[in-house]
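Asks: One letter stands for each residue in the lines below.
Protein chains: 2
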Amino acid sequence: MNTFETHRQLFDSHLENYKADVNLRSPRELYEPEHYILSLGGKRLRPLLALISCDLFGKDPSHALNSALCVELFHNFSLIHDDILDEAPLRRNNPTVHTKWNTNIAILSGDVMLVKAFEVLKNYDAKEFSQLFSIFSKTCIEVCEGQQLDMNFENTNSLTVDEYIQMITKKTAVLLGCSLQMGAINSGASKIDQEHIYEFGKHLGIAFQLLDDTLDAYATDEKSFGKQIGGDILANKKTFLVLKAFELAKVEQAKKLHELMGQTKVVPDKKIQNTLEIFNELGVKALCEAEADKHTKIAIDHLLKVSADRTKLKALETFSLALLKRNT
Amino acid sequence: MNTFETHRQLFDSHLENYKADVNLRSPRELYEPEHYILSLGGKRLRPLLALISCDLFGKDPSHALNSALCVELFHNFSLIHDDILDEAPLRRNNPTVHTKWNTNIAILSGDVMLVKAFEVLKNYDAKEFSQLFSIFSKTCIEVCEGQQLDMNFENTNSLTVDEYIQMITKKTAVLLGCSLQMGAINSGASKIDQEHIYEFGKHLGIAFQLLDDTLDAYATDEKSFGKQIGGDILANKKTFLVLKAFELAKVEQAKKLHELMGQTKVVPDKKIQNTLEIFNELGVKALCEAEADKHTKIAIDHLLKVSADRTKLKALETFSLALLKRNT
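If you're matching them up, the sequences are chains A and B in order.
Counting in our numbering, the first sequence runs from 23 upward without gaps.
Counting in our numbering, the second sequence runs from 23 upward without gaps.
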């Protein structure tokens, strides 16, 4: 049995109950997309973190089930709307909501999921609800800001590595911190512990995203990576690798990299290969891994400052490191 | 000085402060649309109702300012997203957000406004916040459902008048009820009073929308109506008038009405004139006004059951009736 498999099953069962309720609502055009995207699977990492955190601070993880549902609903709302923005045809190998239905339905069913994410928190008593709401709404706004920064970056040439890390922090990392903090709130953890567990999740998220950048370029097994290797290079995405490469490149290398990113009609393998050559000359893979390592260390430092059962802390540390190595 | 002019000024000043804060936030691409739509004016009817209701139940209306802001932010969020769905080029004679910027920015800035609408409620203490949140989130979901029903109705031929009233109830009327109930919660009104004031607002909203249908077809002064007269007829909108006409029409009249609604390349004035002829033959204007009158009476009945200062109740009744006559 995998680590935290019981937590995962606990959430899956809660999600199934929620989905059964979604199936009863009308108009169907509004709720079918919600049921659909929640049925596409996924790691359920965010809800899992909420349950693990609640358990870590000594309360039955089932008490955090609605916090877990809240962050999973929000995550899926953001996927529906982001897929419109990115004009993405596929999500987890299935048609995206705006492709399967249409953009209008995707906008509106996303909106209602965002409201539902808030509404499930009402299952907690007024004081707990108020605390959960504060961290959750702050995070929602940051995620929107992160998504806007990501869109802005497509049209910016003078982007720094620091700005990139700020963007991934908002777009993906803060929701991991938020999930953990919500579980901690459910467990009645102290403010200090809430902050440490939040920072742990946030820096873990940054490390995860940075390693995702290197995997996108350097993974050897497409199936286990789950995405097309070199996809970011082909899409001219400004990842840590590209930005660091521009930062370090000599004039000739920068010119070559610019040319490669400007190419649209090109043999994909050739574009990937030539870009990787420059990455390798400049050693940006190792620098990206070092940056990820820095954030992993910050994350673990925060985790170790948490006042909780040592065995449970160790289990969460092991789980996190395995997550970064993508072998969970 | 108009009725409730001081309440209006109170809200305007609160909104200006909020807008000044919006101006400080970044990324600008996300927050400029919010500032823009909040600067386009409008009747500010929903926030006004929140303040009036708080005052009615005996508390300083300024205590309801954040409830008022909440419903106005939500209303404007829904305008941004609805304008995308409707492909509307203009909003209050200015370019819509998705026209001035683009659809992606309109989706994302709408999302962040929806979260902000919830977040301003955090200014209240935990118990009050929890009560405000319940009615507000329920209403948000109903408004989304109403919008979806409206989209569905475009492709439905077998629509009944009852279904139409259910749609306008969700799409527009419940938010008026919600605004009043939120003000009542702020004032510490009893559950019974909260329900009566909610039902008052809801039925007032239904009456308002029904009268809007007749004005769209029969208004004599385009400037004071504020929209193109006959706009609904030209857009083949399934209003109460059309649905009632189909319900009452003899075979020949129904056939003519179907033909008129199928016409796209037609002289606008001719289409409006011919449609109005059928409306007049069937007397649907009077039936629509009678239906509006029915809901106005239900609204006033609920208002008169409220336990509050008689002078203030009378002022709200006068204000509401003037609103229906469009001479506020």
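It should be emphasised that the hints constitute simulated quantities derived from the structure, not laboratory data.
Be careful, since some hints might not be right.
All copies of an identical chain are treated as equivalent in the list; a pair is satisfied when it fits inside any one copy or across any two copies.
Claimed, not checked - Okay, derived cross-link-like pairs now, EDC-like style, lysine to aspartate or glutamate, Cα gap no bigger than 20 Å in a straight line: (1) 293 to 164; (2) 81 to 176; (3) 327 to 217; (4) 213 to 244; (5) 213 to 172; (6) 160 to 141; (7) 160 to 43; (8) 41 to 164; (9) 245 to 164.
Asks: Please go over all the hints and tell whether each is borne out by the structure.
Replies: Verification of the supplied hints:
{"no.": "1", "hint": "293 to 164", "result": "neither (34 Å within a copy, 50 Å between copies)"}
{"no.": "2", "hint": "81 to 176", "result": "neither (44 Å within a copy, 51 Å between copies)"}
{"no.": "3", "hint": "327 to 217", "result": "within (10 Å within a copy, 50 Å between copies)"}
{"no.": "4", "hint": "213 to 244", "result": "neither (42 Å within a copy, 59 Å between copies)"}
{"no.": "5", "hint": "213 to 172", "result": "neither (31 Å within a copy, 46 Å between copies)"}
{"no.": "6", "hint": "160 to 141", "result": "both (16 Å within a copy, 8 Å between copies)"}
{"no.": "7", "hint": "160 to 43", "result": "between (28 Å within a copy, 16 Å between copies)"}
{"no.": "8", "hint": "41 to 164", "result": "between (27 Å within a copy, 19 Å between copies)"}
{"no.": "9", "hint": "245 to 164", "result": "neither (32 Å within a copy, 42 Å between copies)"}
Consistency note: the structure conflicts with the earlier hints numbered 1, 2, 4, 5, 9.
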